[in-house]
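Fit chain B to the known structure of chain A by using the hints.
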Amino acid sequence: MRLPTLATSLLIAGLTFGSTAVMADDYVIDTKGAHASIKFRVQHLGYSWLYGRFNDFSGNFSYDEKQPDKSSVEVTIKTSSVDSNHAERDKHLRSDDFLNVAKYPEAKFISTGYTQDKDGNGVLKGNLTLNGVTKPLEIDVEFIGTGNDPWGGYRVGFEGTTRFAMADFGIVKDLGPKSKDVEMTLSVEGIKQ
Amino acid sequence: MTMQWKNSTTHFGMIAVTLHWLAAITVFSLFGLGLWMTGLDYYDSWYKQGPWWHKSIGILLFFVIIFRLLWRVLTPPPAALTSHKPWEIKLAHMAHLLFYFLLLAIMLSGYLISTADNRAIEVFGWFAVPATITSLPNQEDIAGWVHLILASTLIGLVVLHAAAALKHHFIDRDRTLKRIFGR
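Line order of the protein sequences matches chains A and B. Going by this note's numbering, 118 is the number at position 118 of the first sequence; the sequence numbering is gapless. Basically this note's numbering = 1-based index in the second sequence + 193.
What the hints contain is simulated information worked out from the structure, not anything from laboratory work. Yeah, the Cβ is synthetic: ideal placement off N, Cα and C, and Gly gets one too. One thing to keep in mind: the hints can contain errors.
In the EDC-like style, the derived pairs of lysine to aspartate or glutamate whose C-alpha atoms are separated by at most 16 Å in a straight line are [claimed, not checked]: (1) A:39 to A:181; (2) A:108 to A:56; (3) A:66 to A:119; (4) A:173 to B:234; (5) A:66 to A:26; (6) A:180 to A:168; (7) A:108 to A:138; (8) A:192 to A:26; (9) A:173 to B:237; (10) A:118 to A:69; (11) A:66 to A:25; (12) A:103 to B:334; (13) B:241 to A:88; (14) A:180 to B:234; (15) B:360 to B:281.
Which stretches of chain B does chain A cover? Using the computed rule of at least three CB atoms under 8 Å from a CB of chain A, they are [what the hints assert, rightly or not]: (16) 226 to 237; (17) 305 to 311; (18) 326 to 338.
Output of the computed footprint for chain B on chain A, the stretches with three or more beta carbons under 8 Å from beta carbons of chain B [stated by the list, open to error]: (19) 85 to 96; (20) 172 to 185.
Pulled out of the complex, with its shape left as it was, chain A reads as follows (with noise of 0.2 Å):
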């Protein structure tokens, strides 16, 4: 009698992972129109904000505006896109004193959970792997605004904040007692597939 039980659980799963594909939309991150972006900001000696973005990542997201607690995000950041605007700044972001891309080429984040107050704004939680090290991560996203373009499209866009100590990524490098975070935005707008 275990292989109908099996075959009826595994079809339960099927109608439910079927179910929740269909109900919420899965979004397309406007890489390719550059409608996206992942900046980061460092203090520097605690006078100013450095700033510097990754170039080079790609993602998804599934959001359903009526069950935003269902949405679930995926980002996948190739290091070596990092861009200070600084060639030798850069080089040495991507040595092993800071990104390491030799060895860790990507940094994900793998969302858990989403919860969304009624102005659609909200907070993620999910897991970053960074320098290969995976720790959880909550992420306040503000949602923007939805709905179709000029071109046929339907999109939606938030803007993501959150902050973390480097170190906790195994990033030791010393820059001063002022830069020990780091700041990160993630701006997307997503097309709807």
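Just chain B now, with coordinates in the frame of chain A:
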């Protein structure tokens, strides 16, 4: 015998001797400085000073090497000693050519690191060398890797070069080493 400015058929002149030792001392200094400065802490006072000296001296060395090559064409080095064996002459000649090739390639790769983002290289604040080739894929990383590998190769070749000179001096007991002091 007083030392001539130019090379003769038997002796190196003052200019060639000076250029040789100037390049030797500079190359050693730049290699040491380069290795040391890339490992400095962010708050070290040499964190900015080190690269500033390294780049300024490196660019000046480029002009020295170009002049040295010109000088070599204008007044060719003296003929090999008659005691030198044909394989020694051939090997030494290849090593000398390799030295010039490595020096130029190291300086070019260093230049390509710092100018990858279209920034010019300042030389002691006297003048700036503008960027030319920029924004190749991973330019600063590849140029940096080449710079380190070739510089290490150059130092390896320096060791062989010095060992060969000492071999001539102490084993063959000929004038080879003395000649690069102008004697």
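How the hints compare with the structure:
| no. | hint | verdict |
| --- | --- | --- |
| 1 | A:39 to A:181 | holds (14 Å) |
| 2 | A:108 to A:56 | holds (12 Å) |
| 3 | A:66 to A:119 | holds (12 Å) |
| 4 | A:173 to B:234 | holds (8 Å) |
| 5 | A:66 to A:26 | holds (14 Å) |
| 6 | A:180 to A:168 | holds (10 Å) |
| 7 | A:108 to A:138 | holds (14 Å) |
| 8 | A:192 to A:26 | holds (6 Å) |
| 9 | A:173 to B:237 | holds (13 Å) |
| 10 | A:118 to A:69 | holds (12 Å) |
| 11 | A:66 to A:25 | holds (11 Å) |
| 12 | A:103 to B:334 | holds (14 Å) |
| 13 | B:241 to A:88 | holds (12 Å) |
| 14 | A:180 to B:234 | holds (15 Å) |
| 15 | B:360 to B:281 | holds (11 Å) |
| 16 | 226 to 237 | holds (count 3) |
| 17 | 305 to 311 | holds (count 5) |
| 18 | 326 to 338 | holds (count 5) |
| 19 | 85 to 96 | holds (count 7) |
| 20 | 172 to 185 | holds (count 4) |
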